[in-house]
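Residue numbers (this note's numbering), protein chains in the order written: chain X, 375 to 946; chain Y, 925 to 1210.
What the hints contain is simulated information worked out from the structure, not anything from laboratory work.
Please note: incorrect hints may appear among the correct ones.
[Said to hold, decoys possible] Below, computed lysine-lysine pairings styled on DSS-like, alpha-carbon distance capped at 30 Å:
hint : chain 1 : residue 1 : chain 2 : residue 2
1    : Y       : K958      : Y       : K1185
2    : X       : K898      : X       : K928
3    : Y       : K1185     : X       : K921
4    : X       : K860      : Y       : K1176
5    : Y       : K1114     : X       : K860
6    : X       : K860      : Y       : K1094
7    : Y       : K1175     : X       : K465
8    : X       : K692      : X       : K707
9    : X       : K588      : X       : K740
10   : X       : K860      : Y       : K1175
11   : Y       : K1176     : X       : K707
12   : X       : K465      : Y       : K1185
13   : X       : K588      : X       : K412
14   : Y       : K1114     : Y       : K1072
15   : Y       : K1094     : X       : K465
16   : X       : K860      : X       : K740
17   : X       : K445      : X       : K501
18   : X       : K416      : X       : K588
19   : X       : K709      : X       : K692
20   : X       : K709      : Y       : K1175
21   : X       : K860      : Y       : K1072
22   : Y       : K1094     : X       : K898
23   : Y       : K958      : Y       : K1114
24   : Y       : K958      : X       : K860
25   : X       : K709      : Y       : K1176
26   : X       : K465      : Y       : K1072
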Amino acid sequence: MSTGDQAAEFEERADQLSLADIESTLSDGQIFRRARQKLLNKGAKLLVGPRGTGKTHLMRFTYLQAMKDSKAPLAAYANFSRYLGLEPLLKRSPDALSRFHSWVVARLILSAFDLINDLAGQHTSVKPSSLTRLNPLLEEASIREFVGLIERNSGSAEYDSLGQFLTVDLAIEVFHFLAKKYQRSRVVLLLDDAALSLTDEYLIAFFEIYRLLKTEMIAPKASVYPGSTQYGPRFHASHESQNIELWLSVEDPEYLSIMGDIGHRRLAEQVAAIPEDTLDHFKYIAFGTPRAYLRMIREYVESRTGSAQSKVNRVTDKQVDLLWSEYDSLAFKLKQFTSVIQTGRAFIENAVRIIADGQDEFGLQKSIVLGLQEDADRSPLAERMLRFLIEIGLLYPFNSPVSHGRERRYDRYIVHLAFLNAAGTFRVGRGTSPRDLPSYMQRSAAKHPIRTQLAKLLGPSHISNLVLDLPSCQRCGTARISDSQKFCHHCGEQLVVASLFEECMRLPLGEVPGISTSLLDRLKSDTRLRSVGDVYSSQNPGSDLQKASYIGPKRASGIIDAVGVVVAEFLS
Amino acid sequence: MAKEFRSSVNVTTSPMSPQLLTQNLFDRSYVDFKGSPIDEFTERLRTLNALSPVPAAFDPYLGQLILLGAVAAVESYLRSMFRRCIALDPICNAQAMKREISYAAAVHLQPDLLPEALLEKISFASQENIERACRDLLGISEFPQSIKSVGADYGRICHLRHCAVHRFGKLGANNAVHLGLDEHFELLEKPLLLNYEALQNAIAHATAFVRVFNSFLFNVLISRIPTTSFTGRYASDRTLFISYYSLFQDKKSVPRSPAPKDAYEVFIRERAVFLASRARQPRPAN
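If we strip away everything but chain X, and leave its shape as in the complex, we get (with noise of 0.2 Å):
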């Protein structure tokens, strides 16, 4: 992605909105009413969405509106979307579940000095030291020293004095407490950033702490990503917690209302510039993502050659490269996937084959859905497959099977609008016209699914590439037996696994969009600034980086938030 991408994608995300956009941007679609509903009721939720979807905008809203209406429960939210800071310590500490816990609890508690911060205006009786007498541990500044440290690998003092002893009946308290001072029955936390789907050690823990957060005071609700319905053991997510979808259906009766409104909402002079025509076809090929429409219609209006044909195919081809690159990069970070993310790219190219071979004729019948049966056997990293595919969003999974007879039942998905547009699938004649896809929307849906079996769809010789790549012994380079071996069975070493965040510090700073040579040149000559991790942990970026000749204050912020592009893409 250029820095121009980035910078786009970055506008449109939610955590970057103010509080005031945040409250009149929110689309009024039933979904996402039905949502917000949801997410202040009573029980436990999760928030299921790939990414854009609108999980943070949804949960910051539902803050919001909690906080002013009095006989709302008391809502507080908290991101955990930073947790891949603590993932060097799975690689070097043995304890790193317990840091990892008290770090969760630590930005609970946080959450609820955010609270009292927000709400001083209307209730000045209750201060953040009110908590601090009801315990000496909760004192704001020194829980946020601990929380930064640890996410930036030190703060090991800091664990010892204070963050070992943050424990969940601490926060339970903490919030049973401002209930009361504030009168409101119930509380309810957005956990927001839940998926940790880096990490499923982190993931399993965090599952645990949201069981224990579980009271009859108390109704935990995460945001999630779709394809899971396994949080570790003792975690199954249909016993545990009820789903709230927020994946909006390109079939659902109100999808192009409700993507409109989001665009008037976020984008209202932008969205009054493009033909109506050309919206339906973004909204289509956004699917269900909110953030891709936004960054299609910016990307519209912004380009300024071509005719509107060939800009709308160039917006359109773009967001399918930007999705590939984004499935392709999971490949990177979870590097013992490769072959099993590559075999998934090819179950969406065949797929996308088959459903574009298998089209009506005479043009009268809408048939988009894939029917994928169920074999007993399927093995798990199948499973794990096209759980990839469904978390990028790549792949919408309907919730129940159909039954074409006796021991024949299809699991349904729609393919990525974006990919069988690409194929011309929705193409009506001989030239493309933006009208197409938004036409082929209308027609009546076909009877059955395109049908097929995963076996017959990839092919032996995909289906023999679900395989893990785990990494051989770094001694003597034989090859592991499983996942989780610890030790080489030839040569007796201790396996090692390369951390992904420190992957990540160790990148160049060549590789930082928007960093020219010559810039590079002086910042090699004029600072010991090397690598992306050089400037991330940093204490004083900024004076670091103005130690070269013409970076000043400007320059050197645009570089730190360059850098922080690069971070959160790399790590989210």
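Based on the hints, put chain Y in the right spot on chain X.
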């Protein structure tokens, strides 16, 4: 007095016993390992791990024996570490001076191996024992959470070892109490049944303890050296620093310890930051 009746039924018989000269069983030519105790530990552990059967041919009994070996490797690491710390570090040495050793050891052991005799009566089979030995022999009284947590995990491995050594793997009541009676009371007198993954995990706990302890001990000892002993110039401080660092340096694993000079620079920098922050704090009024 009438002789008492004693029967002589041959219930079990045994052939002639072969000769076993225990004095020939120990390697006379052995010269003590020259590297650091952690490197010796790593080498021993590799040898043991390579003996472990692969999952397809896993034998739980052999698994138990390998686990015993791993715990023996940890104990041996601790003995060697304690001995060398007492020989090198003045505070450890002063602490050990108060202890007694056996007459045989005093007469026959080389002076540098004498501290080993101090450890003969000490068991390292639990976290409490290890902490006590650290207090009594090395003068260390504070243990951070990181050590406590790996120590507790290692203590559990020691209980598994106890079952394997003394009870052919069956869980004894005392071990069950230490492992957590609630989860283990139903397993009393049931045999330990290791599988490949469990054995690897148990060895990983033992290894984690050694690696965390090694780092902890180095930092305690180097931090106790009076500030005035270091000039801040590597050329002058090299000998003193390396005398300590080489005792702890890991040259055998991946990732290995930093080079001595790099480690020295981190140490000097941390010390300078600490001294500067202490200088900024107001002195308490007398």
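Next on the checklist: Of all the hints numbered above, which does this structure not satisfy? Sort the numbers upward.
Outcome noted: 9, 15, 16, 22, 23
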